[in-house]
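*Asks:* Listed here are the chains, written in short residue letters.
Number of protein chains: 2
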Amino acid sequence: MKYQALNTILLAALLWTVPGKAQEKHHTFVDPMIGSQGLGRIFIGPSYPFGMVKPSPDCGTAPNSGWLPEPVAVTGFSQLHVSGTGGGPKYGNIQVMPFTGALDSQEQSSMRENETVKLGYYSVLLKKNQVKTEITTADKAAFYKFSYPAAAQKSLKIDAGFFLGEQPVPDAREAQQFVGSEIELVSPTEIRGYSRIRAGWNNGRAYTVYFYAVLDQPVTSYTSWKGQKLFPNVAVQFDSNEKTGLLLGIGGSATQLNMKIGISFLSSLKAKANITQEIPDWDFNQVLTGLQNKWEELLRRIEIDPKASTTQQQLFYTGLYHTMLMPVNRTGENPMWTNDQPYYDDFYTLWDTFRTSNPLITLISPKREVEIVNALIDIYKHDGYLPDGRSGNANGRTQGGSHGEVLIADAFVKKLEGIDYELGLEAMLKDATVPPGGNEEQEGRGGLTEYNRLGYVPFSVVRSGNRTVDYAYNDYNIATVAKGLKRQKIYDRFIRQSANWRNLWRDDYTHEGSKGFILPKNAEGKWLDTIPYGNSEIQHPTYIYTPLTRETPWYACHWCGFFYEGTSWEYSFSIPHEIPALIQKSGGNAAFRKRLDTFFDKKFYNVANEPSFLTPTLYHWIGRPDLSSERIRQIIGASYNTSRNGLPGNDDSGAMSSWLAFHMIGLYPNAGQSYYLINSPLLRQTVFHQENGKDFKVTANGLSEKNVYIKSARLNGKVFNQAWIEHEDILNGGELVLEMDAKPSAWGTRILPPLSLKP
Amino acid sequence: MKYQALNTILLAALLWTVPGKAQEKHHTFVDPMIGSQGLGRIFIGPSYPFGMVKPSPDCGTAPNSGWLPEPVAVTGFSQLHVSGTGGGPKYGNIQVMPFTGALDSQEQSSMRENETVKLGYYSVLLKKNQVKTEITTADKAAFYKFSYPAAAQKSLKIDAGFFLGEQPVPDAREAQQFVGSEIELVSPTEIRGYSRIRAGWNNGRAYTVYFYAVLDQPVTSYTSWKGQKLFPNVAVQFDSNEKTGLLLGIGGSATQLNMKIGISFLSSLKAKANITQEIPDWDFNQVLTGLQNKWEELLRRIEIDPKASTTQQQLFYTGLYHTMLMPVNRTGENPMWTNDQPYYDDFYTLWDTFRTSNPLITLISPKREVEIVNALIDIYKHDGYLPDGRSGNANGRTQGGSHGEVLIADAFVKKLEGIDYELGLEAMLKDATVPPGGNEEQEGRGGLTEYNRLGYVPFSVVRSGNRTVDYAYNDYNIATVAKGLKRQKIYDRFIRQSANWRNLWRDDYTHEGSKGFILPKNAEGKWLDTIPYGNSEIQHPTYIYTPLTRETPWYACHWCGFFYEGTSWEYSFSIPHEIPALIQKSGGNAAFRKRLDTFFDKKFYNVANEPSFLTPTLYHWIGRPDLSSERIRQIIGASYNTSRNGLPGNDDSGAMSSWLAFHMIGLYPNAGQSYYLINSPLLRQTVFHQENGKDFKVTANGLSEKNVYIKSARLNGKVFNQAWIEHEDILNGGELVLEMDAKPSAWGTRILPPLSLKP
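So the sequence lines, in the order shown, correspond to chains A and B. Here the first sequence stands for residues 1439 to 2197, where the numbers follow the numbering used here. Here the second sequence stands for residues 1439 to 2197, where the numbers follow the numbering used here.
In short, the hints are calculated from the structure, not lab data. Treat the hints with caution; some may be incorrect.
In this list, chains with the same sequence are indistinguishable; a pair is considered to hold if it fits within one copy or across any two.
As the list claims (entries may be wrong) - Derived lysine to any residue pairs resembling SDA-like cross-links, with alpha carbons at most 20 Å apart:
{"#": "1", "residue 1": "Lys1964", "residue 2": "Asn1890"}
{"#": "2", "residue 1": "Lys1927", "residue 2": "Ile1976"}
{"#": "3", "residue 1": "Lys1664", "residue 2": "Asp1778"}
{"#": "4", "residue 1": "Lys1868", "residue 2": "Glu1888"}
{"#": "5", "residue 1": "Lys2041", "residue 2": "Phe1722"}
{"#": "6", "residue 1": "Lys1819", "residue 2": "Asp1609"}
{"#": "7", "residue 1": "Lys1566", "residue 2": "Asn1552"}
{"#": "8", "residue 1": "Lys1565", "residue 2": "Gln1605"}
{"#": "9", "residue 1": "Lys1463", "residue 2": "Gln2022"}
{"#": "10", "residue 1": "Lys1732", "residue 2": "Asn2130"}
{"#": "11", "residue 1": "Lys1805", "residue 2": "Phe2134"}
{"#": "12", "residue 1": "Lys1819", "residue 2": "Arg1611"}
Next up, chain A with everything else stripped away, as it sits in the complex (with noise of 0.2 Å):
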């Protein structure tokens, strides 16, 4: 009680202090450095929406997003980063360093003074040197301002074989590779290169990273690397499989340098052709105005109340930029094949994305989401399998299920057009009929062979628990396509697979309370209560396995539990294609109740992972919208706010971030369904202003600090008694109002969310 009262006091000062400014631009409102400090991982430097480059301070090489604070130094500046990911790093290449004086030493690094972050900036001042470092973005081209203090000599380094996760064993697990590099002084003014590097989280095979880069200023000197050995006035430095880099002495007498450094996947020439295009003249505000322009243009189409408070408008804005930081749009930059469909790499992962992110972008810009999908789909044509995961060009990891097809399913169901459904059907079908093989990790559905014959994946497969679970769901996602495709054949064999959760969940286990748990089984069909990790063939080792065990002992392998990331607890709600049947299994509307209840109060829920993204919103089910509203208001007053450490986990590509955004607005989306879950929001008003030209608008009347029930509710003036909306009346336009009160109703409580499919 004390902790939940404590929530509604850090809720209250979070939404109903300091009314924002009516008139400020939206973009105002992103703060890049939510979630950048502890679990949130945020990628805090420029971005274009979607944008291929993300140029950002490296702060040694293990941090996911290369940044941390202070007091860690600076190394430099790196053009491509991830944001709010796990595991091992990927990317941080071609890294740039301004310093002064000598050009005798590699290690440039510093300390910071005067970090400054904004949407589309930053900037710093290093210690060291006294170099003021700034920097914006373009799509594929990043540009940077350096002021050298007068008098200094004006030095800068370029670091083609810079890469973070880097590890002193070179081929650990989720660590990335060096490969090879090159670096060129073409003339006074131009460098060019390349960084290439394998493996990293996603143990992906080499991807190449070209740059080419233009100075304002001359260079007069210079000193190139290739290892550790310097070579002074040696311009060039081939691939000989070892990092390479130049140290530049930039002459006149201006104390400014400016830099344009263009990316490419295919070659440094289309590098410097992205430059010519993206950036063709010397004016960094010029590039800054036309990031912020194209994330206005985005973040403007869904309006919220202009008198929310700073924090509401500063939570909710930058929720929707975390959400389109990730996928990357790379249409052009593809060097594995040629065609005209949109190429889209860094999902980063569809295990993470689904469930918010993807279906916020649906909303915010459902022609996106349909390029999204497409490159999904041609991936699968030209790698052969859908991803689930995917950077540096390359599929992998799958933590579970083969989540491609929620994505083609909730396009499909929410009628996405310029998609070819029969060859996503097509792609899905790869995923849940031909086993992944040797690297089950990359792609595809591992222990594919035994869910198919036993209808679960048994316990002697890595991560057989929310990969039974998970399967189950995406064969829901394959029958919603092939029953809207009218193939009968292939909708009852996975209408039928998607019941398949039930054969691991075990009715008669009771823990805390609640009785039915997903559990693990052997392929013999015996229920496990301990369970065995490691390879002696002699010890056979086990460990207890409950409801509350939370992936492996220390002891075990991280990959090799029964959950990935999360506990029976925890996958135990997380059916969402068939909650009437998973509240039946356990027990009936009241003891779900009790179960939910026992799941928050007693802090089982994991605020900082995905799997229960949906859960505080199950009371829905059993008629009790107002206890979701409960739980969602709890868990965003006590885990969301704005400060850098406002993300709870791992931000994933949004997914954190979406779902805040989702709650803020008052709707909640099920992926795979045409609906959306009506909560009560924490906004007084959102409207979608729509690609098709059609606004929708949410308006909670009566919204206070205290009227956080809703009473009553009207769509287009007529009343509305169900607790969820469908995606077509938002597109269709108009006016969704709800009447707040202080006490729960009977409002939504006799329509439940209906099942599109049933098994």
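Given chain A, put chain B in place with the hints provided.
*Replies:* Below, chain B without anything else, positioned relative to chain A:
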């Protein structure tokens, strides 16, 4: 009989006329045109041993080796080719073409005059413009000499977009597909760029061929192109996923233009470094001599009777030459990972080369074979599976077994040092225990799950016949290494599995007087006399399958039959690891002899492909090595000669050629076993100058047109009554003397070739 008599005459003509000149260097006997026409598909251009750069004329985009005889026009000269392959082409990248006059057309094809081909040297007079083109090459850089007519405007086309195997439907099966290209006139004498291509026969991922060209005369005018459009005076075309190239006008009054062109898989600067390293000067003959010396050093290691006929010398040394064109040594040119292991590509394919090409390399240069095996194991380590086929840095296709196993086992039994056999065993076990998943044509063992469950691959899996036979053999290879490494449990499993070919042996099936054949069986254990094809669920079409059915009928898919490129008559002999058991299953010695006689006399034997390579020597196992030798002589006489049509099938990286070379010596390997069968040589003497410094000599005393049977033998002076010899006996140095006679003898009839393991 008429057939046999004719063969004998042809063979006599081939072997016993025109004695060769004793002093001639070995490499002068190499005729690169042997096997260039018809099925041989031999690459005719210059190449280092295992050399990366393989320049050749391209006669359109269709031919696998680039070259075709007149009257097909030459499109240009590209820098990479393969030799002896079937299926869709690979490579054909970075094409150059001299011409005269205006820079106004990409089309500069020409007919040919005076085409001259020698080892390391190609020249031709282009009819259209009377430009003579001469080519020689180093390992990673080629040298071109163009001689223009006096007073003509010297022009040169460099096409970065050309490739072999282009199809109207870009992603047609086995077609190479364009991804991107780039070209840049860097200075008046330097051009750089690349070509990026994917797919082709092995459906591999994209590979990039970088080049750097240096001219000895300056460019004075230029027109570049992108797609179909010409750009006069534009020196650079960056990669925008279109084909690019340059038309260059060359200045100066000289009629001769020299060009060095470096190739790299890392970058164009690495390609430049390859020139600097390998061809520092402008001396065509120096490069040519360097190449000849490289070959001479290898060819002289097997020195045949200097009095052998020119025809014999040409056949033998060209055979050795063909065997060392591929795989290609790309150490230092691996764009995917960096370490200290050798890197080889263009295993095209192990299915073809394990029987004779690799064993011959082991005899010529065990160090080279160690590098090749280590490269295979390193590919396993980084790409996840040993290749069976590999080209363009990508595994694929697998036609049947996982024959990396044979190479590792063959190296093991021949005690090759410097290989991590523990890691090799791990790689082999991956093949044998982890299904390769979605694309079973890429690597590993297709149908493995079924094979491991049933003990055979059922007909529902494509190519179930040769897969079963090959997997059993490959399992024997695993057992071989496991036993040597004292891994008893692994040995037990795989020696048992090596008998799995029996599970498809249909004992009671009689055909053409022989009983027992490898025949299709479904998963339920039912033998299939008719086999289904196509996907129709209504018509269920079938065709009748007999032991003479070759591949599949035209109306069924090529890769979907019971055997890949072979009949049951052929594959029912193809049990190299269990020949005594095969004889027993076939009804004993008499029945087996009858079966062999039927096979050859009725022309069921297919000289054009590898599965029957061992079959002519199977008479050894019924105590009749004389009959083996008779069959071998018949086959050689009928199918091998020094003409352009002198090879009976796709040479497949020297497979056909090395088969011939072994039989000319009188030895023949059974890959994975430590011995060689002894047959009547075609050469009076062969000396192996071995890397260990010890010579081993095979002498056939009295060999003549009539004396073609071995009467007796002595090894190092001691009576030697067995028709096989251990690899160790060769390693130890010494002499095997065979006394030849005009009639068969009792020699070699009683001690039969051993089985190293007994299932």
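*Asks:* Against the structure shown, which of the earlier numbered hints fail to hold, in ascending order?
*Replies:* Violated hints (numbers, rising): 5, 8, 9; every other hint is consistent with the structure.
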